[in-house]
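The lines below spell out each chain.
Number of protein chains: 2
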Amino acid sequence: MANKKITSRDVDFAQWYTDVVTAARLASYSNVKGFVIYEPNGYAIWERIMHEFDKQLKATGHQNVAMPMLIPENLMNKEGELISGFAPEVAWVTQGGEKTLEERLCIRPTSETLFSDYYSNVVKSYRDLPMKLNQWCSVLRWEKETRPFLRSREFFWQEGHTVHATKEEAEKETMDMFQMYQQFFENYLAIPVVTGRKTEKEKFAGAEYTYTIEALMHNGVALQSGTSHYFGQKFAEAYNIQFLNKENKLEYAYQTSWGISNRMIGALIMVHGDDMGLVLPPRIAPKQVVIISIGEDEKVNSVTSDLYQKLLNAGISVSIDDTDKSPGFKFAEAEVNGIPVRIEVGKRDLENDVITIARRDTGEKMTVSKDEDIVPYINHLMDDIQDNLYQKALKRQQELTFEARSLDEVEKIMEEHPGFVKADWCGSLDCEMKMKEIKGTKSRCILEQEQPLTGKCIVCGKEAKHLVVWGIQY
Amino acid sequence: MANKKITSRDVDFAQWYTDVVTAARLASYSNVKGFVIYEPNGYAIWERIMHEFDKQLKATGHQNVAMPMLIPENLMNKEGELISGFAPEVAWVTQGGEKTLEERLCIRPTSETLFSDYYSNVVKSYRDLPMKLNQWCSVLRWEKETRPFLRSREFFWQEGHTVHATKEEAEKETMDMFQMYQQFFENYLAIPVVTGRKTEKEKFAGAEYTYTIEALMHNGVALQSGTSHYFGQKFAEAYNIQFLNKENKLEYAYQTSWGISNRMIGALIMVHGDDMGLVLPPRIAPKQVVIISIGEDEKVNSVTSDLYQKLLNAGISVSIDDTDKSPGFKFAEAEVNGIPVRIEVGKRDLENDVITIARRDTGEKMTVSKDEDIVPYINHLMDDIQDNLYQKALKRQQELTFEARSLDEVEKIMEEHPGFVKADWCGSLDCEMKMKEIKGTKSRCILEQEQPLTGKCIVCGKEAKHLVVWGIQY
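Sequence order for the protein chains is H and B. Just so we're aligned: the first sequence equals residues 1 to 474 in my numbering. Just so we're aligned: the second sequence equals residues 1 to 474 in my numbering.
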């Protein structure tokens with residue numbers, strides 16, 4: 001049963017996305033051009049993500065801090081590649097407290113500069129290392145187009161910035177965080193990802209290399225979903241982060257940075273959502289279970305509150321929809337909001353000593369004895385939903401992953417139905433740019449563990465260095 | 001035993017404050033003028049505050065959202081009093097993405113404008129009301145002087161903004177939140193507060209009235225610690241927030257806003273801290289217990305890890321300091337960081353089957369059987385510390401609360417030792433300004449429940465309308 005307010009996903013995917021965001025009240029456009037308002041339902045998902053991922057950060061020895069939101073121009077300019085990468089898209093503060101500032105300040109687009117400046121002040125000896133800091137904040141990039149959760153001038157993220165005494169340790173951190181991202185996507189968001197190193201063209205401005213996790217949306221468009229950068233000593237040299245090593249000699253430190261953002265909410269919508277609205281994996285859903293009673297009498301009320309109490313006590317996020325709307329309206333609302341499990345407590349059902357349980361992912365309805373041991377039943381059901389969502393997404397991703405042995409093949413795939421396209425590449429920028437002419441196809445990442453398909457670059461025919469996954473991106 | 005890095009509190013209070021902030025690594029000055037860096041130890045306290053207070057917000061039906069950080073000038077200007085109150089201290093973005101903007105945007109100093117604009121779009125009927133939204137964010141005010149946690153250009157806070165169908169309901173919300181602040185200060189921060197309504201001069205720009213909680217620092221200086229504002233229909237009229245009421249007539253909505261900020265960390269330092277550093281109440285301390293072993297052998301290690309596991313399992317925030325520093329160094333560090341309870345597991349102590357437990361608030365050391373039932377012991381001790389800190393602070397506040405019956409008396413008190421001064425006031429701005437000439441003494445709040453002392457205004461001698469608490473403020 002489709003929702004009238006939502007355009008069919010197969011008819012117009014972009015409009016479907018906007019409709020889901022609006023109908024599920026996740027975000028709305030603000031009167032500040034290019035900025036969105038993260039409404040309660042949308043922000044609650046972000047809170048769940050922060051809560052779960054922050055636990056993992058703390059468990060692995062990371063600490064949260066808060067750096068200033070503004071960066072003086074001279075500090076921003078110290079590392080040349082970074083500023084040339086970000087200059088076209090930053091916002092500048094030029095007036096403060098009715099005065100024109102002597103030096104303009106940009107609103108952080110990312111905070112390598114501030115963390116590096118801080119580290120240059122506090123890192124003295126190898127004993128101070130590693131320092132593994134993180135912040136949850138919003139950053140600004142002056143984007144021209146706005147799509148809630150995918151691209152807007154202000155977005156929310158975590159940015160981790162670490163400094164280490166050795167290359168090996170910094171490289172391990174880069175890899176560890178990249179793997180933590182992958183596992184978070186798979187285990188919490190139920191989203192499979194393709195992973196690997198970015199090409200030189202696509203890596204982060206200022207990084208020695210970048211690892212990325214890439215997810216495929218239902219329509220076959222790729223979404224860069226999390227990146228982890230190794231900086232070597234580049235920023236340490238630009239910002240003078242030196243420490244006395246074990247041999248009592250001054251040495252430049254080794255750094256990393258890594259981030260995931262509220263794009264994740266966009267990915268959740270576009271990977272799991274359907275024509276009825278949002279579909280949330282139980283492990284990240286702010287509300288896991290909603291109980292709706294149909295008809296009202298003593299028995300209905302007592303069964304409802306009994307179920308509620310049992311689930312609540314078991315640590316399940318449950319609520320009762322006791323508004324004065326009709327049951328049908330409540331069902332539709334639970335569906336559009338993507339609540340994984342709906343329990344219906346009906347007067348007639350109770351005459352047969354049963355309740356009805358509906359799962360959002362498949363729409364299936366189950367008749368269950370009212371005396372069923374409800375906590376293990378629901379926990380098991382939620383595990384099943386979580387797993388089913390992942391398997392469905394994986395199947396879709398596999399169906400939309402292609403191998404191409406010629407440019408014609410790439411063109412044909414992208415015309416018919418975009419997706420991930422595996423193809424050999426010689427490593428040259430020219431060939432990467434040539435691929436881009438096909439509907440903006442870009443390299444997603446280098447598959448380091450896999451061998452080239454034919455051994456020849458798909459564009460120039462010269463010897464292939466890498467097997468690369470290509471895709472059209474958000 | 002004083003800490004060498006910390007100036008004595010009685011010698012130079014301002015320097016003592018700075019020394020504690022630095023020695024406990026709570027915050028440091030950044031290279032961005034007027035901005036501070038919230039370091040791990042400082043930010044961890046803020047996280048604890050957010051965690052505890054956010055639970056209370058959610059339990060009372062508030063929902064979190066995120067509004068844009070930038071406000072277009074025309075939107076900011078719609079309510080006249082607000083903008084005239086904030087205009088001198090906002091920062092303006094005039095350039096975005098290499099272009100000069102057609103309209104400048106200010107970085108939010110507070111977000112009444114954005115919430116009101118949002119409400120004007122989404123509030124249609126009394127059925128949509130109340131809407132009780134909140135955001136945790138940072139805001140900017142272009143302050144000239146910087147003191148970490150007390151006054152800096154960027155600070156962190158929560159700002160709640162609610163909209164209601166009736167005056168009564170909005171006034172109740174104003175009062176409920178004000179009381180929630182008071183209880184949070186007393187129950188979690190162990191800080192007693194004086195509470196009441198602000199005078200016209202001191203109320204929030206644009207509010208009909210403001211309620212405030214005011215805390216007294218160890219040196220007798222007052223700190224405005226949390227405010228709750230009732231707006232009536234002022235913003236609703238300026239931003240056109242109208243709804244169909246139960247009689248099906250259009251009516252302007254009633255609003256409130258309220259906030260508490262990272263000033264709370266400044267209050268924690270200045271109310272409870274001493275010459276050894278920070279002193280944190282157990283209910284808000286990020287680390288409640290630290291275990292330090294002295295000497296190393298199998299028995300020491302096994303007792304240490306056994307204690308750790310028991311406390312951890314009981315939900316107590318405990319850590320083992322297993323760095324290779326000396327025990328004395330570790331003790332000092334635990335003290336400067338304000339960790340409420342320190343457990344020492346020593347080789348020699350264990351020969352007598354005891355461990356040593358030290359409480360940070362009094363410095364007292366207790367010898368306890370190693371077979372003591374440690375969880376209830378520590379929980380009881382922490383309750384005792386929490387209570388002791390509150391009682392000590394209350395006693396200090398009472399000692400530094402004076403009654404004055406003449407301007408001379410006020411002057412004498414403020415010269416000898418500042419504090420809270422109760423004095424009668426006629427209600428005129430002139431008399432309030434006259435008080436300010438005495439070392440900047442300002443009204444803190446009107447004591448609505450208390451009767452005037454003499455019935456005559458302390459300044460002009462005319463009939464007193466209110467008993468007011470006055471103080472020198474941060």
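Derived from the structure by calculation, the hints contain no laboratory data. We put the CB at the ideal spot given by N, CA and C, even for glycine. One or more of the hints may lead you astray.
[Stated by the list, open to error] Derived list of chain H stretches under chain B, where covered just means 3 residues or more per stretch with a C-beta under 8 Å from a C-beta of chain B:
#1 22-31
#2 88-94
#3 294-305
Coverage criterion applied to the stretch 88-94 of chain H (partner chain B; beta-carbon cut 8 Å; 3 residues): That given contact holds, which follows from 7 residues of the stretch 88-94 of chain H lying within Cβ reach (below 8 Å) of chain B.
Stated coverage of the stretch 22-31 of chain H by chain B [criterion: 3+ residues, CB within 8 Å]: holds (count 3)
Coverage assertion for the stretch 294-305 of chain H with respect to chain B, Cβ distance below 8 Å, three residues required: Coverage by chain B is violated here, the residue count being 0 at a Cβ distance below 8 Å.
Going through the hint list in order, the structure does not satisfy hint 3, though it satisfies all others.
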